Structures are given as structure tokens and as C-alpha cells.
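Number of protein chains: 2
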Amino acid sequence: MTRVLNFSAGPSQLPLTVVQKAAAQLLEYGTSGQSVMEMSHRSSTFLEIVRETERRLRSLLQIPQNYRVLFLQGGASLQFSMVPMNLLKPKGKAGIIHTGTWTKKAIEECRKFGECVVLASGEADHFHSIPKDVIVPQDLDYVYLCENNTIIGTKYKTLPECGHVPLVADCSSCILSEPMDVSRYGLIFAGAQKNMGIAGLTVVIVRDDLIEERPELPSMMSYAVQVKHESMFNTPPTFAIYMLGLVLEWIETEFQDLKALQSYNQRKVALLYDYLDSSALFKNEVKKEDRSMMNVPFMTDDPQLDAKFIAYAQAEGLVNLKGHRSVGGMRASIYNGMPMEGVEKLVEVMKRFEEAQAIC
Amino acid sequence: MTRVLNFSAGPSQLPLTVVQKAAAQLLEYGTSGQSVMEMSHRSSTFLEIVRETERRLRSLLQIPQNYRVLFLQGGASLQFSMVPMNLLKPKGKAGIIHTGTWTKKAIEECRKFGECVVLASGEADHFHSIPKDVIVPQDLDYVYLCENNTIIGTKYKTLPECGHVPLVADCSSCILSEPMDVSRYGLIFAGAQKNMGIAGLTVVIVRDDLIEERPELPSMMSYAVQVKHESMFNTPPTFAIYMLGLVLEWIETEFQDLKALQSYNQRKVALLYDYLDSSALFKNEVKKEDRSMMNVPFMTDDPQLDAKFIAYAQAEGLVNLKGHRSVGGMRASIYNGMPMEGVEKLVEVMKRFEEAQAIC
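Just so you know, the sequences run in chain order R and L.
Heads up, the first sequence is in this note's numbering, so the first residue is 88 and it goes up one at a time.
Heads up, the second sequence is in this note's numbering, so the first residue is 88 and it goes up one at a time.
Derived from the structure by calculation, the hints contain no laboratory data.
Incorrect hints may appear among the rest.
Since the list can't tell identical chains apart, any single copy or any two copies may satisfy a pair.
[To be verified] Below, computed lysine-lysine pairings styled on DSBU-like, alpha-carbon distance capped at 35 Å:
id	residue 1	residue 2
1	K191	K108
2	K315	K395
3	K374	K199
In this text the structure is predicted, and so the values were computed from the model without any measurement.
With the hints as extra help, turn the sequences into a complete structure.
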């Protein structure tokens, strides 16, 4: 087979050794006589997979003991609702820092359940920068932000000072790409299909004191119910949890810790930004200090030339480089599963394309 | 490898050829250069997988044109809430036929959103039979039932006459086991991890006229939103959808249609019921006319002997025969993925155990 380089924003390229291990184990996990896909979620073998997956996640992210880890379904979009449904007090309010499409959706969902104050917005700047020095009123139930914007390619490098107000962060496209100080957050959530595995699993990390019984909510939407049942109020997405375990094992084996992985990711993305900053053809419009390490949008000044480049790259085995439909241009998502060689190849292809254009 | 016979109630045994095909394609799907797990859900290759999966499902179940098919997450338990949230009118009411654990949960979730009338209950009979001749008041927003009770092992053989009231059915443990007249239902839902594939996918089949915009609901919980976005309001559980496609392809290849599959399933389960009815040791307590074709609980008169049998069977490679914790005893779930040889082996092991007990 010729493996493509997949720059999709998610679902996205997995480490090859992870896919190979999954393939090798697919017919039989260990000596269980069955596929992980077939296992009862209450069997001792599967429960051991869950325990080991949570242990690895806790170890890599250094999750403090007063946080629970949940393996849920529904993606970040369901969390846009679950967060206000569980965290908004009666007549309370949330504060959101607006940085693009995903916070817009989060605001819309939040307002179905209560007041949502936009504390700061990057809209005037087309979201090309992250709002700084945000003042957080101390009467909020929580402050919400999207830590890495997958579409625009921005990333918080420092978190806002929230005082006593719990910080809730959508970390779907940056979790596990670098170390994070979990103790600064009240709640973190992330879809798995970018840096952690495959679609169909959502990881929630929530601080004990934010878990409140909400008997009026659908049981499946209550953090308290999910915590009480250790993510098994009903059948969890078993195979996706197993895949997360394989990805975590790969990180431990290849990098040992997230500091080393961060260093690798920084070197990967520097290749691309350095080239973009030197290119006469391609540009990235994000404020340098707010650039994402995971998602790098870029474009020429001509949409037709963009389309030509996308086709050119595709012919070279570089797929899913088309930018999000809301912004156009190109986007290279270079999550943990994208190796250095993939980014090197991308830069090489971009250079060659640029040289060919210069000759035309 | 020695493949166990897995009688789990779900996740459950898949047809071996389905697991083999998934394993063969896991590193590369077709000539795509990537695993299905890695594919963008908006890529043409994956969209073709979704279209083909829906086409096969529509063909096998003969779903009429005025029904939409949704590929969602959250399992039946999330549907327990989504159904009333979407189908209950303001100050309206639902009617439920109570047949055990799963309708109890559905009643509890429904009552968070409105009135829920229990039209009939099998409780006095320990749910060993399905209530018959239920009168359906015509002022209900919908009638709800669980068509096959996974825990007790009961199954509706005829549906209640609902008049103009839409019928909503939880078909998690019987869908695709036999033909069904979809036009008799307003809405059908089913978790995939029993007869259709793996955990993390929920199939909803809903009639057009029941799809109402409900802007007050979380977007992910609105059938109208999910229909409008063709199950891609956000990233769907891509790999689980692919697995459903493989199971549907297997049914088409092995049986052509659900009538032939039903006939096979009937012959499979008859082996087990015939033996149970002749056994002096084991018994099944369900009223004969209401017996399930998919889940067969059985027990001796002695819980210690039950435990001994479960261990004896396990040593023979027959796993997950323990009954649900709420009822004890044993349970053999024999979904589509369990071959005739598996049930033959089970009956053989039961006979041997019974003979050994008689000698003791």
C-alpha cells in the first residue's frame, strides 16, 4: 500500500504503529478468543482496558486526584449543551471568550439554558488573534473558551486569570499535544478524533466540586450520573476507548511524556511556519503569537491558485488540505499522528509549487 | 486462535467474516491509502460508505421513502430522552407499555419532560409475558414500547393497534433479526452493538411527519437538526457506521433477505427452547408465545448450581452466559452473529452438564 499523508482536521491520521497494532489485535485481543469490538463492556478484560486507558491518560496529563475522567459520546457539540445544563446555576450566567465558529456554537447552545455573557471577542479581527487581558467578573458560574481553533488556527498560549470562577475549555484539537496544568481548569472536554484516537468518543475531565446532581436532566446528560456509573450508565463506545488506549501507549513508548511530544510538535510546525513566513506565494494570517501548533491555515491571494495547489498536492499523496468551507484556502492539520516526514514532504511540495508558479 | 462462543447481551459476537474483513481493510480501505478510522467524515470515500450503508439498511428493512435514517450516538438510553423531548407536544402525553427494566428507564426519562401514562404493565407477572389487547387512547402523542426485552427474554409477536397514534419502539435487541413492517411505526431506534455492529452507534428510523423543529432543544438532541444535517451536525461515529455496513453486506451475502435470516434464527433458537422444554434441570420462565428469538434466559432451581454451570460452560469456551444481575441465572444471547454451531455447542454442553448432575 501507499499510505497517503492525511492533513484532515479530524477524523485524522493515526500513528501507523497504532493502526498496525489494532489490525494485529482485531481478530483476537490477547488470548481472549474475541475481538475488542465484541467484548461485553462489563467483562473483566474490557474493564481492564478502561482502567489502563484512564491510568495512562491521568499519568500523561498529570490529572490531579480531585478530577474525574469520563468517556462519553456525542462529541464537543453535545458538551456545548451539557456544560451549561450542568454548570449553570438557577438564574446564573456563563462568560464566554468568543474566538470563532466553535465558540459561536457554544454560545448558541448555552443561551438555550441561561444567560451567556461574551467577555471578549476576536470577531473584529476576523478571529486572527486571541483576545488578551480579559476581565473575568467573579459572579459568573464559569468562564468558557475554545483553547485551539481548528478552523482559524489560533491557540491560547496563556490562560485568562479567572480568580474563583471555574474555567471550562474545549480542548478538542490541542489535548495531548503538549503538557497542560489541569488544576487551572474546572472542566476540560475533547473529541477523540484529532489527537486521541477515533470519532465516537469524547473525553471529559471534571473537577469534583463541579459535579452536582441534576435530577431534572436526561440521565445521559448529567455529569453526576456519568461519574456515579464510571461512564457506564449505558454501553460506552468500547472500541473507541480501546483505540484511545493504544494512542496513549504509543505516546508513552515514543515520547515518554508530553514535554517531549510538545518539543517534537513544535519542531514539526516550525518547519511549516518558517516556510510560510519566507514564501512569496503562501501566507498565514494569524497573529504570530497566537498561532496554533496543530492547525495551520494558509492561502495564496487567488482562490483558483489555491484549488490548483490542492489538486497538485493531492497528486503527490497529500490529502485533505482544503481549508474549512467558511474560510477557504488551505489548512494543514498536523496532529500527533502526523510524523515529521509528513510536514517535510508538505513543505517540499509547497516549495516546488511556488517555484513552478514563479516560472509560469 | 481459539475463538470463544460469546453469548453476551451486547456488545456481542460478530460474524467471523465481518471481523476478518474489517481486519483486512483496517490498514487501508480500498486504495484510499488510509484506514476508515482516519478518514474525514466529509471525504467522498467516507460519504460513499455512509450512502451505501443507508442503502443496504433501507433495502433489507424495506424502509418506506417517507422515513429518514439517522446514525447517532448515545445508545438507546439517550433515545429515552430524545423521544419525549422531540415528540411530546406542549402539555401532551405519552403512553408506555411497561415490560421491564428498559421501559422503566424510558418512563423515568419521559416523566422529566411531560406526562407519561402506563397503558399496561407486565409487572404482576414478573414481566414473563407481554401485555395483550392494550387499548390505546387516541389523545396520546405517541405509544412507546420495547419490542424485545433483553433481560427477561420476551418479544412482541404482534404490535398493539395504535390507530392514529404513532408507535415508537426500542428495537435494540431485535432489529435486523427478522423482517419488520416499518410503516407500522412512527419511530424505531436501536443501539448497534447487538445485531448491527459495534457499540457507539445508534440507528434511528423516523417518519417525516414526526420531525418537528424544536429550537429550544440542544441541537444534538433534535431530530430535525440531525435530519437536516444528514447525521453530520458534527462528526458521526465513522468506524461504527462502517462496521454496520459490513454487517449489512454480510446479511445480504449470506441470507439475501431478512426472511431467510429469520428462518435461520428461528431454527437456531428452537434448538435451545426445545432442549429447555425437555430438560429436568434447566427452565425458561417466559410465556411460550412471548419468547424472544434473541435472548434466552434460563436457570436451575439452585443459584449455586447456576454458578457451577456458568463456570463449566466457560471452561468449554462458552462465555458471558451469566444472566443479568437483576434476575440472576443464565442468559444466552444469540444474535445474528451467533452461528447455528454455537447454539448446538451450547445445548450439547447443557445436556452434558445435566447428565453429570443426574449421576451426582
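Now the hints, each set against the structure:
1. In this assembly of identical chains, the alpha carbons of K191 and K108 never lie at most 35 Å apart, being 39 Å within a copy and 41 Å across copies at closest.
2. In this homomeric assembly, K315 and K395 come within 35 Å of each other (Cα to Cα) only across copies, at 32 Å, whereas the closest approach inside a single copy is 53 Å.
3. Only within a single protomer do K374 and K199 lie at most 35 Å apart by alpha-carbon distance; the minimum there is 33 Å, versus 47 Å between protomers.
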